[in-house]
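Each chain is listed here by its residues.
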Amino acid sequence: MTKLLVQNLVKQFPGTQHSAVNDVSFELSDNEILALVGPSGCGKTTTLRLIAGLERPDSGSIWLNQSLVASEAVFIPPEKRGVGMVFQDHALFPHLTVFDNVAFGLRHKTQAEVRTAVGEMLHMVGLLSHSKRYPHELSGGERQRVALARALAPKPVLVLMDEPFSSLDADLRAGVREHVRGILKSMQATVIFVTHDQEEALYMGDRLAVLQKGKLEQIGSPEEIFHESNTRFVAEFMGDSDFLKGTVKRDGIQTAIGLIPQIVDLPASTSVEVAIRADDIDFHVDGSGNALIIDRFFRGAFNLYRLRLDTGQVIHAINPHTNILPVGTRVHAFVSAEHSLTVFS
Amino acid sequence: MEITHTNITYQKLRSKISPRLALAAGLVALFVAVPLIYIFVRAITAEPEAWTRLFQERIWKLFANTLGLVLAVTAGAMLTGVTMAFLTERTDLPGKKIFRWMLAMPLAIPAYIGGIVHLALLRPRGGVIPKLLEDIFGQPVFTPSPLGFGGAAFILTLFMFPYVYLLSGAAFRTLHASLEEASRVFGRTPLQTLFQVTLPALRPGLTAGALLVALDILAEYGTVALLRYETFSSAIFVQLSGRYDRSAASVLSGILVILAIGILWSELRLQGRARFTQMESNWRPAPLMMLGKWRIPAFLLVLGVVSASLLLPVGVLLVWSVQAFLDPETMAMLFHTGSQGFGTYVWNSLWSSSMAAVIAVMLSLPVGLFAVRYPNRLSKFLSRLSQVGYAIPGVVIALSLVLLVNRFLPFLYATPFIVVIAYVLRHMPQAVRASESALNQLSPSLEEASRVMGRTSLQTLFQVILPLILPGLLAGGSLVFLTSLKELPATLLLRPAGFDTLAVRVWVWAGEGFYFQAAPAALLLVLVSALPLSFLLRREQIFK
Numbered sequence: 001m002t003k004l005l006v007q008n009l010v011k012q013f014p015g016t017q018h019s020a021v022n023d024v025s026f027e028l029s030d031n032e033i034l035a036l037v038g039p040s041g042c043g044k045t046t047t048l049r050l051i052a053g054l055e056r057p058d059s060g061s062i063w064l065n066q067s068l069v070a071s072e073a074v075f076i077p078p079e080k081r082g083v084g085m086v087f088q089d090h091a092l093f094p095h096l097t098v099f100d101n102v103a104f105g106l107r108h109k110t111q112a113e114v115r116t117a118v119g120e121m122l123h124m125v126g127l128l129s130h131s132k133r134y135p136h137e138l139s140g141g142e143r144q145r146v147a148l149a150r151a152l153a154p155k156p157v158l159v160l161m162d163e164p165f166s167s168l169d170a171d172l173r174a175g176v177r178e179h180v181r182g183i184l185k186s187m188q189a190t191v192i193f194v195t196h197d198q199e200e201a202l203y204m205g206d207r208l209a210v211l212q213k214g215k216l217e218q219i220g221s222p223e224e225i226f227h228e229s230n231t232r233f234v235a236e237f238m239g240d241s242d243f244l245k246g247t248v249k250r251d252g253i254q255t256a257i258g259l260i261p262q263i264v265d266l267p268a269s270t271s272v273e274v275a276i277r278a279d280d281i282d283f284h285v286d287g288s289g290n291a292l293i294i295d296r297f298f299r300g301a302f303n304l305y306r307l308r309l310d311t312g313q314v315i316h317a318i319n320p321h322t323n324i325l326p327v328g329t330r331v332h333a334f335v336s337a338e339h340s341l342t343v344f345s
Numbered sequence: 001m002e003i004t005h006t007n008i009t010y011q012k013l014r015s016k017i018s019p020r021l022a023l024a025a026g027l028v029a030l031f032v033a034v035p036l037i038y039i040f041v042r043a044i045t046a047e048p049e050a051w052t053r054l055f056q057e058r059i060w061k062l063f064a065n066t067l068g069l070v071l072a073v074t075a076g077a078m079l080t081g082v083t084m085a086f087l088t089e090r091t092d093l094p095g096k097k098i099f100r101w102m103l104a105m106p107l108a109i110p111a112y113i114g115g116i117v118h119l120a121l122l123r124p125r126g127g128v129i130p131k132l133l134e135d136i137f138g139q140p141v142f143t144p145s146p147l148g149f150g151g152a153a154f155i156l157t158l159f160m161f162p163y164v165y166l167l168s169g170a171a172f173r174t175l176h177a178s179l180e181e182a183s184r185v186f187g188r189t190p191l192q193t194l195f196q197v198t199l200p201a202l203r204p205g206l207t208a209g210a211l212l213v214a215l216d217i218l219a220e221y222g223t224v225a226l227l228r229y230e231t232f233s234s235a236i237f238v239q240l241s242g243r244y245d246r247s248a249a250s251v252l253s254g255i256l257v258i259l260a261i262g263i264l265w266s267e268l269r270l271q272g273r274a275r276f277t278q279m280e281s282n283w284r285p286a287p288l289m290m291l292g293k294w295r296i297p298a299f300l301l302v303l304g305v306v307s308a309s310l311l312l313p314v315g316v317l318l319v320w321s322v323q324a325f326l327d328p329e330t331m332a333m334l335f336h337t338g339s340q341g342f343g344t345y346v347w348n349s350l351w352s353s354s355m356a357a358v359i360a361v362m363l364s365l366p367v368g369l370f371a372v373r374y375p376n377r378l379s380k381f382l383s384r385l386s387q388v389g390y391a392i393p394g395v396v397i398a399l400s401l402v403l404l405v406n407r408f409l410p411f412l413y414a415t416p417f418i419v420v421i422a423y424v425l426r427h428m429p430q431a432v433r434a435s436e437s438a439l440n441q442l443s444p445s446l447e448e449a450s451r452v453m454g455r456t457s458l459q460t461l462f463q464v465i466l467p468l469i470l471p472g473l474l475a476g477g478s479l480v481f482l483t484s485l486k487e488l489p490a491t492l493l494l495r496p497a498g499f500d501t502l503a504v505r506v507w508v509w510a511g512e513g514f515y516f517q518a519a520p521a522a523l524l525l526v527l528v529s530a531l532p533l534s535f536l537l538r539r540e541q542i543f544k
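Residue numbers (the numbering used here), protein chains in the order written: chain A, 1 to 345; chain B, 1 to 544.
Only chain A is shown next, with the shape it has when bound in the complex:
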């Protein structure tokens, strides 16, 4: 069942040149986590705020649970939408205890019902013992979990999360992320999750939507986004791709490191670029090879080499951590990928 339907959403702020959100459409079904990802200023947070009712769209429409909540003619205020939201700065009310913060969204219920519901939520996020504390007495990770409990307590139609982990330290983030995803899945929540971190998006999202300059570039499963990028931007943003120049031949694509035997549906001798990741390239030492090692970065489990091809282009290649070669070594680089690569004309 469709939980959320967003159609041709447009939002431009006064005094700005470009639309913050430009003709964005997507839908979300039950129990699904959608990660909205893109660089800062791409419109992901604005999209979220439009869905929450914190901003009013210029045009387009938003349907929540099959009822229209925003269009040119209709605007349901945030308090009537029944969504839950986790804010970037958590926005816990500093004058209320943990218990009262979580209870804030539970209205028109008896005291006993509120106590049970809040208790369940705090138990789930593992903070039942902290219910009498105030937000300033909590650690960053605990605050994060209270914010989540508060958003989930009223059993919202949709949970919106705006960069919820960005205020946490890196070492804490991975653990909290795992915990939060587990909770969301066990609650069978429908979630939109905003982040600028592609790794986090790949981890959290059942599906990913990549935004750039207010436009939806691509939406799909993490695997699709990663391996079958629709646009050069997506390939670049999601996976640190190098773009290898090439020419279309009858039996493949001719590049500076040889022929890639991949048939593309383009006329011969068209100039193209092949998106290629460091793990798709291999090399061996060869005095008369086609590339020169110009840098090596030890990454623990592997070595990342920077190679300068004779054409002048620089590409990256991964080699086992035991294979250490000095800078200046001449090598022969070749494509080792066994899957098809994404080609842009």
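These are calculated hints, taken from the structure and not from any lab test.
Errors might be hidden in some of the hints.
[Claimed, not checked] Under 7 Å between C-beta atoms, here's a sample of chain B residues computed to sit facing chain A: (1) Ser-437; (2) Gln-441; (3) Leu-442; (4) Ser-443; (5) Leu-446; (6) Ala-449.
Positions of the beta carbon are idealized from the N, C-alpha and C atoms, including for glycine.
Starting from the known structure of chain A, arrange chain B on it as the hints suggest.
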């Protein structure tokens, strides 16, 4: 140069402005602006002879007198304030912790009360000190006179410098040590660092402090009248109370207000940059400068300033009060002057000032909310307009209210409420600033969280915003209370017969030479002012 200030202004652009809020903010701004506009109308429509007469005789001298005093006191307050702040924040001065309090405390002493004490001590004929010297040496000894320009500048500096002291003290304290370390690494000596890096970094705060002092001097009535130095304010007071020439008073007021608005305009432009800097997480204190052989002279210097501005006035008031209590005749006068007595004055002071504080804070809320949550040209304009009270000296507000009420609201004339309205108009800016800064520190996501969880904007106001900004509102309210309590010229001009506040009584008694009788009231005024002041000081980092 980048100056450390973490000024949390969220400028989330909303698509829709609440018309109710805009209307409320507009009404408040209008209420504050009407007296100002009316003064200009009266000044422009005054008969031409009033203009020519004034221009021929007085205006140039008044201009020179007023500007001279403003410049002298501002310079004096800057020099004293920054020196004191440097010595107590950045050096190993002995006793600096207690000095920090004592240097801020003169704010609780109205300048005219300080003036009364200094005048009684130093008066050329009959002053305590000249008399004492004459007794010792058997012949008159020259002592500097507190009357005229020199005396006025000296005494006003003594009671104005704490503004600059507080602003620069906080700035000295919160400035990043790394800024100065960088300067040292690049080859500057500590002294060069002070003048090339530290002081320039403090400049926005210092300028704001200087402008505040300048505005206060323009508006000052009590001290200049006491020391017989004529400025615009005292001239307007004389025109209004003595000769009852309202045209001349309007013309003078118009010119004074234009001067003040010029200063206020620059101050408002700086305001955003001049806020107290906030501590950042990686803040660490700068190393102290060792005074070495200068320790004793520095200590004596600070002690001298503290003595003249705090210990001496309070001490003298204490002695006088004790003498008053020991003398049955003075006691009788103190508690029964006609049908009134000390209790009546205290009550009048308290209720009029608290009422002004409550009204000012309530009125400041829509203006603050509108300006902070919907930052646009209109809201900014309304916020500035409601702060125009700073630029309207008490005498001018009194004049304007007398004229306005006489013509449009005669039933209010000669009631205590007109005094309260004057306090609100004059001290509204403090309330507006307090509300705005409290709201500024409130992350808008708290409000949004409340909305998302089903509260309307009005419910959000009462359940989330107000509880959180309450401390800020209390601070603003106590500032309004404090300054209303000390207010003199507007109270003198507007009060109905028999409505005596503590400030009025001190002024009248001291003017008639009954110092002992005036002392307990003055002392009480100082003590009551000291309470909200210490509440405010405790909020600042440097007094913890």
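Each hint tested on the structure:
no. : hint    : in the structure
1   : Ser-437 : violated (17 Å)
2   : Gln-441 : violated (11 Å)
3   : Leu-442 : violated (9 Å)
4   : Ser-443 : holds (6 Å)
5   : Leu-446 : holds (5 Å)
6   : Ala-449 : holds (4 Å)
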